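Quick note, the sequences are listed as chains V and W, same order.
493 is the number that this note's numbering gives the last residue of the first sequence; the numbers go up by one with no jumps.
315 is the number that this note's numbering gives the last residue of the second sequence; the numbers go up by one with no jumps.
No lab work stands behind these hints, which were simulated from the structure alone.
Note that this is a predicted model, so its numbers are computed, not measured.
Glycine included, C-beta positions come from ideal geometry on N, C-alpha and C.
Some clues are possibly wrong.
Across the chosen pairs, the derived CB separations fall in these ranges [unchecked claim]: (1) W:His146 with V:Ala488: 36 to 46 Å; (2) W:Asp252 with V:Ala488: 20 to 30 Å; (3) V:Val27 with W:Glu25: 49 to 59 Å; (4) V:Ala25 with W:Ser145: 28 to 38 Å; (5) W:Glu171 with V:Thr470: 35 to 45 Å; (6) V:Glu45 with W:Ser145: 35 to 45 Å; (7) W:Glu25 with V:Ala488: 55 to 65 Å; (8) V:Glu57 with W:Asp183: 46 to 56 Å.
To be clear about the criterion: a stretch of chain W counts as covered by chain V if any three or more of its residues have a C-beta under 8 Å from a C-beta of chain V, and this derived list gives those stretches [to be verified]: (9) 241-249; (10) 262-275.
What follows is the residue order along each chain.
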Amino acid sequence: MAAPPGPGGGAAPVISALSPVFLWAGVALALVPLALHFVARRPPERRPLPTARFLREDARTRLRVERRPRDLPLLLVRMAFALAAGAIFAGMTWLSDREGSRHVVLLDGGASTAGAWEEAVGAARDALVAGGGPDGEAVEILAYGLDGGARPVDEGALASLRPGDGTATFEDGLRALRRHVVDGTRAASARVTWVTSPRWSAWTEGFGLLRPALWPGRIEVVTVGGASDEGPAEPLPEPPLALIPDTSSAGPLTLALETLGWRVGRETTASGAGAGPAAVFADAPGEAELDGLRDRARAGATVVVWGAAEDPRAVLPWRRARAAPAGEDAGALVLADGVTLEVDARGDGGVPAPGARVVAVFENGAPAAAARPMGQGCLAFVSVPLDSRSLAELPDYPHLVGTLATACAPAPGGDDPLDAGAVAVLEAGAAGSGEGGDAGSGGGADNAGDATGAAVDVASLALPDGLSLTVPFVVLALLLLAADVVMARRRAP
Amino acid sequence: MSPGPEAPSPSGSSAGDLLPPEVLEGMGSLEMVARIVVRGFVGGLHRSPFLGSGEDFSRHRVYQQGDDVRRLDWRLYGRTDRLHVRLFEERSNLQSFLLLDASRSMDFAGDGAVTKLRYAQFVAAALAHLMLRAGDAVGLASFGSHTAFHLPSRNRPGHLHQLLLALERLEPEGDGSASGSLDEVGGFLRRRGRIVLVSDCLEDDDGERLLDAVARLRARGDEVIVVRPSTPAELGEGAGGPGRYFDPERPDRATASVPAQDDGFRDRVAAYYDRLRRGLEERGAEYVPVTTDQPLLSALGGWLRPRALAGARRP
C-alpha cells in the first residue's frame, strides 16, 4: 500500500503496511463510537433554579436541549484511538520520497551467459530501446555476476561490457535487483525483464522457496543461449556400450541395459584398456581381472562390481567386514534419488572405502553401494548380487542398473538447461504453477517489449531502511486512551 | 417600608464597596461578621435602629428641688425663662425572634460566592447583634421540613454567642412553608414582639398563606419584618443556557428551557415578588429585598438607616 503522489506529481512519502487488513479493521472499529454517539441520547443537563416555576417550556427549546451536540471531542478521540489501534497491528513503515515506476532489465553477466553474451547484450539493448511501456516508466539495465559485482549499465557501456568468470546464481541476481530497486532508486514500483541463460548451475538449493520472497511479482524472462526445456541442444551420440559378464545370468542385466538405451556386449576376458565401453559390469572379479577393470575405469568407463571380489590392494570403493557377511535383514534398497527396491538379498556388511561416494543404502541406513572416480572413469561396488533373479524381477531394476552405470556422474543440473518447471519458478515465483509455460520460449528480443513482468510495489518489500511507525502509533494510542478517560470523567452526569 | 437607594456609610464612603459577601464568607465565624457589620453600620449614628431599653419622652414639669439636673430642658428655659425637667415613660424590652428559612431552595448560590442561606445567616447575625445591642431579647428559629426552635428570646451575657453558634449549625433541608412557622413563632411570643423572617418567600400558593400569617401577627400587634434574599440568577439576571431546570424543593418537575432567552421569565418573577410586597405592606409588615451579590452594609443600610433616623415603627 502506498500513499498517492504529492501535489504537483512530485516525490511523495510512501507508507507501507505489512498487514493492511488491520487498517481496514481499525476503520470499521472507528465507526462503532460514531454510531453509538448518534444512537445514544444523554439526557439534557439538569440544573437547579428555585424560581424554575416561572420558566416556560418552549417546544423549540426543548428540541434543542434534547438534541444538543454530544461530546464531539470525546467522539473524535475514540475514533482516533480505533484508527491508531488498527495502524499498530498493520505494521506501518514510513518510506520517504518514492515516486514513479522503473523498468529494470536484469542482465545475467555470469559464466552461464558467457556462451551467448552477444545475444544477451542485444536482448538487453532491445529492452532498453523499447522503453518503459505505456506508463512511460524509466528503463535501466542492471548487470550482475560481473567481475566486481552488480552495477547499473547505461547503453553506451553495453558494447564494452564483458561477462564475469564465475557462475552467477539466480539468487545473486534477485538480491542484486532488490538492493538496486530499494537502495539505488527512489521508485515506488518496479517491473523486471531478466535476460539470462537459465541453467541448473545457477540454481541454488532452496531457490524455489526463496524466489517469491526475494521478488514477489512476475518476471519476464528472456532466454538466451538456446536453452529450452526440451532437453540437450545437441543430438545424442551413438548409444554407449556396456560390457557384462559372459554368464548365463547376465540375461536380465542385458535386458535392463538395453531398456536404458545401452548397447550390450560381453567381455570374456579382463583385457586392458580398449576403445570405449562406457560401462563394464563384473561379478566377483579375481585380482588379475580387477586390475584390468581398473584400467578400463581409468580409460573412462564406469566399472560396476559386485560379489566377493579379490581386492588385496583395496582398489574397490568398498571395504568388507572381516567377519562373515552381515546376516541381519537390512530391508529395502534405497537409491540416492529415493527410488526403493524391495530386495530379499542381504548386503555383505561392508562400508564404503575412504573417499567413495554412497550410491545406495539399505532401508536401515547401512550402505549398499559406493563409487569412486578413477582416472577418467569410475569404479563402483554394490553389495548385493546385481544379477540376482529376484532383484531383476523388480520394476525399478533397470533404474538401479542405470544408476550404477553412471555412479560417478555429477548431480542432475550442472550446466544443463532448466526444465519448464524451474523456468516457471523463475518467472512466476511459484513452483509448478504452470503460469510460465510460455516463458523462455521464443528467444530474447521478441519478449523485450512484452510487459508480462508485473510492476511490484516497492512498499511490499520488507525494507530495512523504512522507519517503523509501530511505536509512535502505540504512544499515540496510549495518549488517546488517557484523554478518553479524562474527558469521559469530566462529562456532567 | 422598602429600602431606599443605596445609602452612604457613616464615614461617607460608598457602602457598596464595603464587605462584599465573598469577603464576609472568608472571615470565618458569624461573630466576626456580626461585629464588623454592626461596627460599620452604627458608627456615627446616635440612635439604634431598634429602640429598646430606656424611656420614651412623656412631658415637661417645672423643676423642683431634688430633680436630676441632667433632665433640665435648657432649650425650653431659653424660651420661657423658667426651669423645666423632661419626664420619660418607661418601656419594657421587645421580645424578638429571628426566623430563618432553611429549606432546600435556600441552598442555592447561582453564580455567586455564597448561598442564600449563608447570606441569610450573615443578615441574621448582624440583626441579632443590633437588636441585642439595643436591649431587645432575641430568639432563633428556623424551618425546613419542620419548625425548629433553637434559642428562646433572651438578652443575657453570652446569648449572642450561642445564637451565632446556632446560626452556624443550620443546614438546608426539606421544603417547608413560612406561614406555619410564623404562626408557631407567634405563639411563642408572650407579649407583643418582633418577628424577623429571612426567607426567599417562594411559596406554592403565591404566598397567600404567608400573607395570612403575617396578618394574624400584625393583628396581635407584633412587628413583622421580611428580609428576602435572592440570587441574580433567580431574578433573571445573567440567566443560564439550555438545560432542564428544576426547583430543588420539587426535583421531579423539570422544565426544558433557556432562561436567557425566556423573555417573560424576569417579568414573571418580578410580578410574583411585587405582589408579595404589596400584600406585606398592606398588612403593615416591612419588606426588605436583598440579593446575595450585594455587600451586607449596602443591603441592610438602605433599610436600617432611615429606620434609625425616624425611629422604630410603633406597633
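Cross-check of the supplied hints:
no. : hint                               : in the structure
1   : W:His146 with V:Ala488: 36 to 46 Å : 42 Å, holds
2   : W:Asp252 with V:Ala488: 20 to 30 Å : 28 Å, holds
3   : V:Val27 with W:Glu25: 49 to 59 Å   : 54 Å, holds
4   : V:Ala25 with W:Ser145: 28 to 38 Å  : 59 Å, violated
5   : W:Glu171 with V:Thr470: 35 to 45 Å : 58 Å, violated
6   : V:Glu45 with W:Ser145: 35 to 45 Å  : 28 Å, violated
7   : W:Glu25 with V:Ala488: 55 to 65 Å  : 33 Å, violated
8   : V:Glu57 with W:Asp183: 46 to 56 Å  : 36 Å, violated
9   : 241-249                            : holds (count 8)
10  : 262-275                            : holds (count 6)
Hints 4, 5, 6, 7 and 8 from the list above are not met by this structure, while the remaining hints are.
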